[in-house]
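These protein sequence lines are chains Y and D, in that order. Take the first sequence: its letter number 29 is residue 1065 in the numbering used here, and every next letter is one higher. Take the second sequence: its letter number 299 is residue 350 in the numbering used here, and every next letter is one higher.
These aren't lab readings, by the way, just hints derived from the structure by calculation. C-beta atoms are modelled at their ideal positions from N, C-alpha and C, and glycine is treated no differently. Hints may be right or wrong, so weigh each one.
To be verified - For each label pair, taking beta carbons as the anchor points, the in silico distance ranges come out as: (1) D/Arg-293 <-> Y/Arg-1304: 53 to 61 Å; (2) D/Asp-235 <-> Y/Ala-1156: 29 to 37 Å; (3) D/Ser-173 <-> Y/Gly-1205: 27 to 35 Å.
Stated by the list, open to error - The calculated SDA-like cross-link candidates involving lysine to any residue, where the alpha carbons are at most 20 Å apart (straight line), are: (4) D/Lys-244 <-> Y/Gly-1374; (5) D/Lys-244 <-> Y/Tyr-1372; (6) Y/Lys-1238 <-> Y/Asp-1290; (7) D/Lys-244 <-> Y/Ala-1373.
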Amino acid sequence: MQTIAAKPGRPSEALTRNQLLEMYYFARLARDVEERLTVLFRQSKVIGGLYRSLGQEGESVATAYALERTDAILPLIRNMGALMTMGVRPREIFLQYMAKDRSNSRGRDLNIHLVHLPVAGAAEPVVVGPISMLGDSIPVAAGIAMGARMRGQNMVAMAWIGDGATSTGAFHEGLNFAAVQNIPLIVVAEDNKFAYSTPIAKQMSIARIDERAAAYGIPHEMVDGNDMLAVYDVAKRLVDRARSGGGAALIGVDTMRMQGHAQHDDARYVPKALLEEWAKKDPITRFRQHLLASGAATEKDIEEIDAMTKRFAGDEAQLAEDDPMPDPSTVTRGVYAGDDFVEPQVEFVKSPFRS
Amino acid sequence: MAVITYLDAIRQALGEEMARDDRVFILGEDVGAYGGAFKATEGLQERFGEARVVDTPISETAIVGSAIGASYMGMRPVCEIQFVDFIACCFDMLTNFAATSRYRNGAGVPIVVRGPCGGGVSGGPFHSLNPEAFFLNTPGLKMVEPSTAYDAKGLLKAAIRDDDPVLYFEHKFLYRRIKDEVPDEDYIVPLGKAAIRREGSDLSIITFGAMTHTALEAAATLSDAGVEAEVLDLRSLAPLDRDAILTTVSKTSRALLLYEARRTGGIGGELAAIIAEDAFEYLDAPIMRVASVDTPVPYSPPLEAAFLPNADKVVAAAQKLIEY
Chain Y
1037 MQTIAAKPGR PSEALTRNQL LEMYYFARLA RDVEERLTVL FRQSKVIGGL YRSLGQEGES
1097 VATAYALERT DAILPLIRNM GALMTMGVRP REIFLQYMAK DRSNSRGRDL NIHLVHLPVA
1157 GAAEPVVVGP ISMLGDSIPV AAGIAMGARM RGQNMVAMAW IGDGATSTGA FHEGLNFAAV
1217 QNIPLIVVAE DNKFAYSTPI AKQMSIARID ERAAAYGIPH EMVDGNDMLA VYDVAKRLVD
1277 RARSGGGAAL IGVDTMRMQG HAQHDDARYV PKALLEEWAK KDPITRFRQH LLASGAATEK
1337 DIEEIDAMTK RFAGDEAQLA EDDPMPDPST VTRGVYAGDD FVEPQVEFVK SPFRS
Chain D
52 MAVITYLDAI RQALGEEMAR DDRVFILGED VGAYGGAFKA TEGLQERFGE ARVVDTPISE
112 TAIVGSAIGA SYMGMRPVCE IQFVDFIACC FDMLTNFAAT SRYRNGAGVP IVVRGPCGGG
172 VSGGPFHSLN PEAFFLNTPG LKMVEPSTAY DAKGLLKAAI RDDDPVLYFE HKFLYRRIKD
232 EVPDEDYIVP LGKAAIRREG SDLSIITFGA MTHTALEAAA TLSDAGVEAE VLDLRSLAPL
292 DRDAILTTVS KTSRALLLYE ARRTGGIGGE LAAIIAEDAF EYLDAPIMRV ASVDTPVPYS
352 PPLEAAFLPN ADKVVAAAQK LIEY
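From just these sequences and the hints, can you work out the full model?
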C-alpha cells in the first residue's frame, strides 16, 4: 500500500479533521452514487449509457475542494466527485440519468449535463455540465470567469478535461485565450490512460499531460491523482494564485480509469497488469489509510461515513425513481426565451460536516 | 434625422448599446485600437476601454465559447467574426453549445455574433460567404440580415437586447454604398418582421440583404415593361415572417425567391416549402429561385459576375413567371 507523502508547508496541513472527514465523505458519496447508478443501469432504469469514474473520485473531490462554494465548475462525465463536493444533491444526478421530468434538463439532455446559474446573492456555485464535444467546456469556462470578473465577482472557474479532449482545438483555443486575458481559470487535465479505447501515447507525444500548457506560458504541475492530499495541495495553491490575479493554470493528474469508457465497454484493450497495479492505488482506500494512520479518523468514524453515504445514495435514487417521465406535449417548449420552461437550477445540500 | 451609411449605423448601434447597458461588450479579432477590419468598431475601445472592447487571438471557438460563458454570468457579448466565412470555425460552439443551451438546461445565451457576409467585391472563396443556410436547420438560433442603414442599426440593437443567440449578417457590399435616414432617438427593428420595400400586384420577389437592392433595380426595369413586382425584404431569416410571405404571395400569386447564397439547399427551398404548404391555392405559376450558382465563390470579376444573381437574371426569371 502506498502511503501519502507529508511535506511541510503544504496547504493540506491547514485542513481540519472535520474537513478531512468531509473530503472522504464526498469521495465515498461519489462512488456510492455511481454504485447505485450501476444497479439502476442493470435494471434498465438508466436511459442510455453509464460512465463510471471509478478510481478517479479522489482527484475530482480534491481539486474541487480547493474552491469556494461560490466558484464555477465545469465537470466532465467522470467528475461525480466534483459535483458532490460542490453540494449538488444526488437526486439531481439520478433524475438526469433516468431522464425524468423533474431533472435539471427536464429530460432533454443526458447524465451530468446539468447547469446551475445562481440567482443574485445566492451562496451557490455556477455549474455548467459538458456538451459531448468535450473541449468546448474550456473556452466557456474562460468566459464564465471573465464575465464574473467584468461583474466584479472574485470567482475562479475550474474545468476538468480528459487526455483525449486535450487534443481538441477548443481546448487549445480556450487555454490560450485564458492565458492572454489573465483569466482565473484552472484546468484539470486527467491522464486516465485511455480515451475510450485509445491509449494516451496515441493522443500526444509529450511525456506528461501538463506539458500541454507549456505553449501558453501558464503554470502547470503534474500530480499523483490518487493521492487526495497531494492533489488538494496543488489545486489550492493554483486556485489561490488565480483568485489573487495570477491567471490561468493547468493541473495534470496522473490517474487511471478503472472501468471501460461506459458500462457497455468491457475494456479488454486495457492490460490486466495495469489495472492490477492501479487497483493497489485506489484513492479512497489510500485516503482512508491516511486518515487512520494519522489519527484523523477511527475505524468507527470511517464505518459511519461509509454507512451514511451508502444510505444517502440509496434514498436519493429511490426518490428519483418515483419521479414521473416527461410529458411529450412539452417537447417544443423552451427553445427560445419567452417560453421558458426549464430553469438553470439544481438543488444543493450541505454535507453533514458543514454547519 | 441624419443620413448615415450602413457601416455607420452598425457602429452607432454598438456604441449606443454599450453606453446604455454596461453588460454589453465586444470581442473579436482586431476590434480594439484598429477598429475592426471594416472599421465597424472604430473608436469604441478608446471610448469604453480595453475591458469592453477585447482584442482576441485568432480563435473563433474561443471568441464564441467565452461569449457563451460570459453571457451565463449576465453579460451581453457581441462577437465580431472578421469575415463571416470564418463562422465555420465556431460552427460547433454555435450549433451544439449556444443553440441548445436554453432547451437543454434553461440557460439562455444572449450573445450576438456579427460579421460581414456576401460577395461582389472579388473576395474569393473565403471572404464572400452567405452562411444562412448552414444555420437554418438549427433551432435555438436567430438570424438577421439588414438591407438598409435604418435596419442595420435597429436590428443590431434588437439583437443585442434579445435573450437568445442572434447571428447578425451584415453585407459588406452595402457598408459604404448604402446610406439612408436614421432617427436621432433610440429605436429598434423587431426580430421576425419583414418589410415591403415596393408594392406591386403581378409577382412577389422575396429576398433580403444586398439582394433587396438587386430586386428593386429589377422591379424598376419590370415596371417599365408594365410588370409590377412587389419586393419583400425578409430582414429576419430566423424566425421567418411567415405571415408576410404568405400575404404577399396570396396577393400576387407568383413567387420569385432571390438569395445570394448558392442555390441548392439554400433558404429559397424553405421559403418555397412554406408557400407550397400554405399558399398553394393562390399560385398561378411555379415558385422560382434566383440564386448563385452551385460552385465555391470565384474570385476573378467576370467569374464572380457570372456566379452572382443580378438584376438581369431577376428580370429574366420574372418574365418567365409572368408568361407562364
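Against the structure, the hints:
1. D/Arg-293 <-> Y/Arg-1304: 53 to 61 Å: 55 Å, holds
2. D/Asp-235 <-> Y/Ala-1156: 29 to 37 Å: Roughly 35 Å apart at Cβ, these two residues keep to the hinted range, so it holds.
3. D/Ser-173 <-> Y/Gly-1205: 27 to 35 Å: 30 Å, holds
4. D/Lys-244 <-> Y/Gly-1374: Distance ~17 Å between D/Lys-244 and Y/Gly-1374 Cα, so the pair holds.
5. D/Lys-244 <-> Y/Tyr-1372: 17 Å, holds
6. Y/Lys-1238 <-> Y/Asp-1290: 17 Å, holds
7. D/Lys-244 <-> Y/Ala-1373: With Cα atoms ~17 Å apart, D/Lys-244 and Y/Ala-1373 stay inside 20 Å; holds.
Hint check: no violations occur; every hint is consistent with the structure.
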